[in-house]
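Here's the letter readout for the chains.
4 protein chains.
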Amino acid sequence: MANSRYEYVRNFEQPDNLLPSTWLVVRVDGKGFTKFTTKHEFKKPNDIRALDLMNRAAKVVMENMDEIAISYGQSDEFSFVFSKDAKAYGRRASKLMTLLVSQFTSAYVFYWSEFFPDTKLQFPPAFDSRVVMYPSDRIMRDYLCWRQVDCHINNMYNTCFWTLVDKGGITPKEAEKRLSGTFKKDKHELLYGFDMNYNNELEIFKKGSVLVRDKVFVDVVDRQNVVTKREKTVVKIKHCDIIKDAFWKEHPEILGEEETRSERNE
Amino acid sequence: MANSRYEYVRNFEQPDNLLPSTWLVVRVDGKGFTKFTTKHEFKKPNDIRALDLMNRAAKVVMENMDEIAISYGQSDEFSFVFSKDAKAYGRRASKLMTLLVSQFTSAYVFYWSEFFPDTKLQFPPAFDSRVVMYPSDRIMRDYLCWRQVDCHINNMYNTCFWTLVDKGGITPKEAEKRLSGTFKKDKHELLYGFDMNYNNELEIFKKGSVLVRDKVFVDVVDRQNVVTKREKTVVKIKHCDIIKDAFWKEHPEILGEEETRSERNE
Amino acid sequence: MANSRYEYVRNFEQPDNLLPSTWLVVRVDGKGFTKFTTKHEFKKPNDIRALDLMNRAAKVVMENMDEIAISYGQSDEFSFVFSKDAKAYGRRASKLMTLLVSQFTSAYVFYWSEFFPDTKLQFPPAFDSRVVMYPSDRIMRDYLCWRQVDCHINNMYNTCFWTLVDKGGITPKEAEKRLSGTFKKDKHELLYGFDMNYNNELEIFKKGSVLVRDKVFVDVVDRQNVVTKREKTVVKIKHCDIIKDAFWKEHPEILGEEETRSERNE
Amino acid sequence: MANSRYEYVRNFEQPDNLLPSTWLVVRVDGKGFTKFTTKHEFKKPNDIRALDLMNRAAKVVMENMDEIAISYGQSDEFSFVFSKDAKAYGRRASKLMTLLVSQFTSAYVFYWSEFFPDTKLQFPPAFDSRVVMYPSDRIMRDYLCWRQVDCHINNMYNTCFWTLVDKGGITPKEAEKRLSGTFKKDKHELLYGFDMNYNNELEIFKKGSVLVRDKVFVDVVDRQNVVTKREKTVVKIKHCDIIKDAFWKEHPEILGEEETRSERNE
Numbered sequence: 001m002a003n004s005r006y007e008y009v010r011n012f013e014q015p016d017n018l019l020p021s022t023w024l025v026v027r028v029d030g031k032g033f034t035k036f037t038t039k040h041e042f043k044k045p046n047d048i049r050a051l052d053l054m055n056r057a058a059k060v061v062m063e064n065m066d067e068i069a070i071s072y073g074q075s076d077e078f079s080f081v082f083s084k085d086a087k088a089y090g091r092r093a094s095k096l097m098t099l100l101v102s103q104f105t106s107a108y109v110f111y112w113s114e115f116f117p118d119t120k121l122q123f124p125p126a127f128d129s130r131v132v133m134y135p136s137d138r139i140m141r142d143y144l145c146w147r148q149v150d151c152h153i154n155n156m157y158n159t160c161f162w163t164l165v166d167k168g169g170i171t172p173k174e175a176e177k178r179l180s181g182t183f184k185k186d187k188h189e190l191l192y193g194f195d196m197n198y199n200n201e202l203e204i205f206k207k208g209s210v211l212v213r214d215k216v217f218v219d220v221v222d223r224q225n226v227v228t229k230r231e232k233t234v235v236k237i238k239h240c241d242i243i244k245d246a247f248w249k250e251h252p253e254i255l256g257e258e259e260t261r262s263e264r265n266e
Numbered sequence: 001m002a003n004s005r006y007e008y009v010r011n012f013e014q015p016d017n018l019l020p021s022t023w024l025v026v027r028v029d030g031k032g033f034t035k036f037t038t039k040h041e042f043k044k045p046n047d048i049r050a051l052d053l054m055n056r057a058a059k060v061v062m063e064n065m066d067e068i069a070i071s072y073g074q075s076d077e078f079s080f081v082f083s084k085d086a087k088a089y090g091r092r093a094s095k096l097m098t099l100l101v102s103q104f105t106s107a108y109v110f111y112w113s114e115f116f117p118d119t120k121l122q123f124p125p126a127f128d129s130r131v132v133m134y135p136s137d138r139i140m141r142d143y144l145c146w147r148q149v150d151c152h153i154n155n156m157y158n159t160c161f162w163t164l165v166d167k168g169g170i171t172p173k174e175a176e177k178r179l180s181g182t183f184k185k186d187k188h189e190l191l192y193g194f195d196m197n198y199n200n201e202l203e204i205f206k207k208g209s210v211l212v213r214d215k216v217f218v219d220v221v222d223r224q225n226v227v228t229k230r231e232k233t234v235v236k237i238k239h240c241d242i243i244k245d246a247f248w249k250e251h252p253e254i255l256g257e258e259e260t261r262s263e264r265n266e
Numbered sequence: 001m002a003n004s005r006y007e008y009v010r011n012f013e014q015p016d017n018l019l020p021s022t023w024l025v026v027r028v029d030g031k032g033f034t035k036f037t038t039k040h041e042f043k044k045p046n047d048i049r050a051l052d053l054m055n056r057a058a059k060v061v062m063e064n065m066d067e068i069a070i071s072y073g074q075s076d077e078f079s080f081v082f083s084k085d086a087k088a089y090g091r092r093a094s095k096l097m098t099l100l101v102s103q104f105t106s107a108y109v110f111y112w113s114e115f116f117p118d119t120k121l122q123f124p125p126a127f128d129s130r131v132v133m134y135p136s137d138r139i140m141r142d143y144l145c146w147r148q149v150d151c152h153i154n155n156m157y158n159t160c161f162w163t164l165v166d167k168g169g170i171t172p173k174e175a176e177k178r179l180s181g182t183f184k185k186d187k188h189e190l191l192y193g194f195d196m197n198y199n200n201e202l203e204i205f206k207k208g209s210v211l212v213r214d215k216v217f218v219d220v221v222d223r224q225n226v227v228t229k230r231e232k233t234v235v236k237i238k239h240c241d242i243i244k245d246a247f248w249k250e251h252p253e254i255l256g257e258e259e260t261r262s263e264r265n266e
Numbered sequence: 001m002a003n004s005r006y007e008y009v010r011n012f013e014q015p016d017n018l019l020p021s022t023w024l025v026v027r028v029d030g031k032g033f034t035k036f037t038t039k040h041e042f043k044k045p046n047d048i049r050a051l052d053l054m055n056r057a058a059k060v061v062m063e064n065m066d067e068i069a070i071s072y073g074q075s076d077e078f079s080f081v082f083s084k085d086a087k088a089y090g091r092r093a094s095k096l097m098t099l100l101v102s103q104f105t106s107a108y109v110f111y112w113s114e115f116f117p118d119t120k121l122q123f124p125p126a127f128d129s130r131v132v133m134y135p136s137d138r139i140m141r142d143y144l145c146w147r148q149v150d151c152h153i154n155n156m157y158n159t160c161f162w163t164l165v166d167k168g169g170i171t172p173k174e175a176e177k178r179l180s181g182t183f184k185k186d187k188h189e190l191l192y193g194f195d196m197n198y199n200n201e202l203e204i205f206k207k208g209s210v211l212v213r214d215k216v217f218v219d220v221v222d223r224q225n226v227v228t229k230r231e232k233t234v235v236k237i238k239h240c241d242i243i244k245d246a247f248w249k250e251h252p253e254i255l256g257e258e259e260t261r262s263e264r265n266e
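Chains as they are written, first to last, in full-length UniProt numbering: chain Y, 1 to 266; chain W, 1 to 266; chain P, 1 to 266; chain C, 1 to 266.
This is chain Y alone, in the form it adopts within the complex (with noise of 0.2 Å):
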């Protein structure tokens, strides 16, 4: 083959598989976001347009990668953990890494005019991902749970400076200083001088959003009009808390059975 002569460059690529039975966490961030939500209006502190649109983009993602066990989405970013024992691409890094963040990608400037249907779109958006591995399950929960207590003090601390900002009217720079240094409980004191409960908040801003795995069963008519009943996966999402034990008793099949040697072998 005429192209041969050249083909020695393959050999300067370099394999990337990741170790095996470990949790692989890819994490998809907005670049450049603050410009992008700035210049499209998003409303403060949450826009639920864009929070939903986040998880149609993901939706998109785990219905073409199953092996992932569960996602966990928050403001501009999005989780995806990968099963301990999943082998799409041979587990190559940079495979699973570019090959997720475009598929978002695309999703989400796809359905745009879906969830933004006055807000033509300006420029198309970006976002970075990596791939993180976590050896234990343990690990792996303690990932999510940064994440979503990242999630609950940025939304505790943006809900009252938007809310000191928009209804206290003072300057963003007044705002800042006037949280700067307050507990948790002197940011609800000051909702509560606003006429608000922080507890009453929508929980897609207190919590995020969860994407987890769920079997349904669906009608299945055939030719002949007989309707029968059928299983099938679909991804739901939810805005429940993930640090506590309770949800991963509820969702058994994330953290699978402890594997034994013979299962491995077979």
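Treat the hints loosely; a few may be bogus.
Same chains, same names: a pair is fine if it fits in one copy or spans any two.
As the list claims (entries may be wrong) - Result set (EDC-like, lysine to aspartate or glutamate): computed pairs, CA atoms no more than 20 Å apart in a straight line:
#1 K95 <-> E13
#2 K35 <-> E63
#3 K95 <-> D29
#4 K39 <-> E231
#5 K87 <-> E7
#6 K59 <-> E176
#7 K39 <-> D142
#8 K95 <-> D76
#9 K173 <-> E63
#10 K236 <-> D85
#11 K31 <-> D66
#12 K120 <-> E253
#13 K31 <-> D52
#14 K215 <-> E13
#15 K167 <-> D195
What the hints contain is simulated information worked out from the structure, not anything from laboratory work.
Please build the complex by placing chains W, P and C on the supplied structure of chain Y, with the hints as guidance.
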């Protein structure tokens, strides 16, 4: 901070900075494009609208990442060559690969309707990407040769194949068999039999697309309506040979001057 | 400093820190030991002096690196298992691998004459090493099982082989043919034919060597000649089964207790 | 095979092949040599026996690994430069680093008594090693410049320091203070004050040791006692400048001719 308890999970992120002073090539590849092109009825063997859209997306990438010295695209793939001294994102492999593929995908979906005004996008397409280091100018150039020769070989084959099917009226299977074992000369003759001259095919089909930066002078109008010329760097799309030396002599800025030690340290 | 002009070359060093919370196994292997053992007339199938020297060298390594939880050696190889939480040298792969293999080799040559008083070392022997991460206790244990089963299989084969050659008076080639396709039972019977019982072979040959840490009480004499007992950790060499659970129950300190999150963060 | 049940653990080994067409430098460094040199009463600032022993060990390494183009040593460190096209062990980083440091250490202990006939080795010394890729000739040369300049700076400082302590009769602490902030010129003058001329110091102290390969003719005697000359490659030890171009012009075989594409593919 309440979050610190979980923050230890960040220690599992591993650095992936690429070697300094090497050319970095990020190649973007269409994922499952056989299905995608069928679904969207791309013209065979080449759909000029699809190639123009690829070029448009690549242009967005080059405008966003100014350390890309040259890009080369053909079919559903695009290669971006970062200069040896590129410093973007600390040369972190994951950042470069994922941001780039995300920007490319985003622009592809964003500009779709401009290039396919009569074809609705049916589902969000995806691309993967990888990054490879090339230590010398010669090897980086050989990489580009590899891709351009690949373009040439595939295009010649596909042109014959679809001519046999479309004009010759034989089945794809028969066409494949007919072409098996043929040489360049045979393929030229085959096309002559259909009154076609391969040399008259479009350059974009035969050579692919080369994106380089060019300096142009644009008119700048100030408040007093005084017009002045200002130099501006723009991305130009060419369909030329990049295998022979001529191209590189015309574009000395791509390889740059051989760095000297003193320069490197200032 | 006059040297700063060249110091940029340090930027080409790339980090290679291993994943936290995984078992690290460094295995040392003899390089070209077929030639080495022939040249130094090692007894076949096992030379107890050589195995004792390997153990002596491994002991030096364990005394120098206190995060090694257990080591296992057989033939011309030795595996060192660093605890999941080992922090030595920031878990840099190159530091761990190279220092360990250097210490091992150094001790091997240093103590040679103690174990081979009548055999002059002819040339300096060499070992290579590698490091592998194992994410769970079970998989790390399976690694050790792999090596101990390997010891067993090889030793049984070699015992038969050299019995056939030494006592049976057949050529190595014939012995190889004679053993081809035989099972464990056949090998036991073969040895019986030479009045040998495989079960009576030395444990160090059949099981290899297991190095663990043990606490002992030593007498400490002060200036007034008062003797007090003090606890001291020493390295013990055993030749026991490490496949079954019994060993691990006797040595709970190797696996340690399952870490809890709070511990990890204090 | 009974062992196959555990053999899955091999899947956890990760490839670490280094980039083709780059210079590979493996540097060996003494571990805890301050203690080692004190314990073995090395002469200060330089012990010629110790440097000769380092060179002897390095020679063994070069004789065993014929793709090493040049080595450079000073103090308790030695750098080995593998040619750009070296293929040994598939360019696996761990194999190269560990075998090399093991061979070096082994030879160091093996030859100790030859260079220190009156000093018994008290305990087995250890070295670590690392491997770094350098993409161009210039950068690889700058690496060697870095080490030779380092040798020069340290040796000048140490020569002054030990002169002040040994001949000047001041304490190490005072000597350190006395030298703080001094320039090259000051140090030359300081030595003149003790009737010493730095330029007359041994070249091995000022320049370190450069090991290159040289072709010599050796007499070969056959059975009929006929003597013929045969070319043989030997390792030569020099103490010359490797910063200026002169050295590289005298040794064109180190850099080799610029490879051309056609060569690379044949």
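Against the structure, the hints come out as follows:
1. K95 <-> E13: Answer is both; intra-copy 13 Å and inter-copy 17 Å each pass.
2. K35 <-> E63: between (30 Å within a copy, 17 Å between copies)
3. K95 <-> D29: This pair counts as both: shortest intra-copy Cα distance 17 Å, inter-copy 11 Å.
4. K39 <-> E231: neither (44 Å within a copy, 28 Å between copies)
5. K87 <-> E7: Result: close only across copies, 18 Å inter versus 28 Å intra.
6. K59 <-> E176: neither (35 Å within a copy, 40 Å between copies)
7. K39 <-> D142: neither (35 Å within a copy, 43 Å between copies)
8. K95 <-> D76: Answer is between: at 16 Å across copies they meet the 20 Å cutoff, but 22 Å inside does not.
9. K173 <-> E63: neither (43 Å within a copy, 34 Å between copies)
10. K236 <-> D85: neither (22 Å within a copy, 37 Å between copies)
11. K31 <-> D66: between (26 Å within a copy, 16 Å between copies)
12. K120 <-> E253: neither (41 Å within a copy, 39 Å between copies)
13. K31 <-> D52: For K31 and D52, only the intra-copy Cα distance (18 Å) is at most 20 Å; the inter-copy one is 26 Å.
14. K215 <-> E13: This pair counts as neither: shortest intra-copy Cα distance 41 Å, inter-copy 34 Å.
15. K167 <-> D195: within (11 Å within a copy, 76 Å between copies)
Consistency note: the structure conflicts with the earlier hints numbered 4, 6, 7, 9, 10, 12, 14.
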